[in-house]
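Student: Sequence:
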Amino acid sequence: MLWIYYAFLKPDTTLLITINSLGCFIQTTYISFYLYYAPKSARLHTGMLLLVLNVVGMGLIVALTYFLANGSTRANIVGWICLVFSLCVFVAPLFVLRQVIRTKSVEYMPFLLSFFLTLSAVMWFFYGLLRRDYNIAIPNVLGFSFGVIQMVLYVIYKGAKEVVKEKLPEIQLEAAAAAASASAQKQQLTPEIRDQIIDVVTLTALVCPEIVPVLPKLVGDDDNSDLNHQTTTSVASNT
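The opening residue of the sequence shown carries number 1 in this note's numbering; numbering runs sequentially from there.
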């Protein structure tokens, strides 16, 4: 948006207007998809950033430069602001470079993206140089440098294995789920229900004395041993 505003302040800048308008549309599409699929907290955070930077920030820049400056001075001020923001855009990939060096993996840095960013920086540099517009040329020197560094790192680390997140084996997950279920069953087993179980087992032993009743043991239930002992004692006394 800043580059579009800058282009309107300069003569013969049709390319700047058309290309940056298309870029603005594409970026808006990206942000729309992000806001659609992001969780609520991320949507609120992104919405606040958009409000502060795109609405308030852009509005202040347009208002101040329009009313406090005129002619070539206004274009120079907006050009320097565009230059600073362009440098910030090209510095942002430094975080990706740090992650690539730390993990020795290029899965977070696609080669085609680095290649076309470098190519774009070269073309815009020559465009600004030929028009003697250094607000366009200077930031793209940095963009070209970082693009070359990214491609060099890609060549160095492209054979490295992808970073794999550690996961628990499926067997451990199933065992943990079974233990949690057994623990829940144990908590639901009240003393009254335990007494009823003992009475039923005792009655069964009286009817069929040849059968030795044993209560099923739940996972992690140490109290069942006491129940079995009580049941055996009760059956022995009744017989």
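Keep in mind that a hint or two might mislead.
Claimed, not checked - Just the calculated beta-carbon pair ranges, DEER-fashion:
hint: 1; residue 1: M58; residue 2: K104; range: 38 to 44 Å
hint: 2; residue 1: V91; residue 2: Y134; range: 17 to 23 Å
hint: 3; residue 1: I19; residue 2: M58; range: 14 to 20 Å
hint: 4; residue 1: A38; residue 2: E107; range: 38 to 44 Å
hint: 5; residue 1: V56; residue 2: I138; range: 26 to 32 Å
hint: 6; residue 1: A42; residue 2: Y154; range: 27 to 33 Å
hint: 7; residue 1: I26; residue 2: V122; range: 26 to 32 Å
hint: 8; residue 1: M48; residue 2: V152; range: 36 to 42 Å
Honestly, the hints are just simulated from the structure, not real lab data. Heads up, the beta-carbon is just placed ideally off N, CA and C, and yes, glycines get one too.
Student: It remains to establish, for every hint, whether it holds in the given structure.
Tutor: Here is what the structure says about each hint:
1. M58 with K104: 38 to 44 Å: 40 Å, holds
2. V91 with Y134: 17 to 23 Å: 19 Å, holds
3. I19 with M58: 14 to 20 Å: This hint holds: roughly 19 Å between Cβ atoms.
4. A38 with E107: 38 to 44 Å: 22 Å, violated
5. V56 with I138: 26 to 32 Å: Given a distance of about 27 Å, which is inside 26 to 32 Å, the answer is holds.
6. A42 with Y154: 27 to 33 Å: The hint (27 to 33 Å, Cβ to Cβ) holds, given that A42 and Y154 are roughly 29 Å apart.
7. I26 with V122: 26 to 32 Å: 21 Å, violated
8. M48 with V152: 36 to 42 Å: Because 37 Å falls inside the window, the suggested range holds.
When the structure is compared with the earlier hints, violations turn up for hints 4, 7 and for no others.
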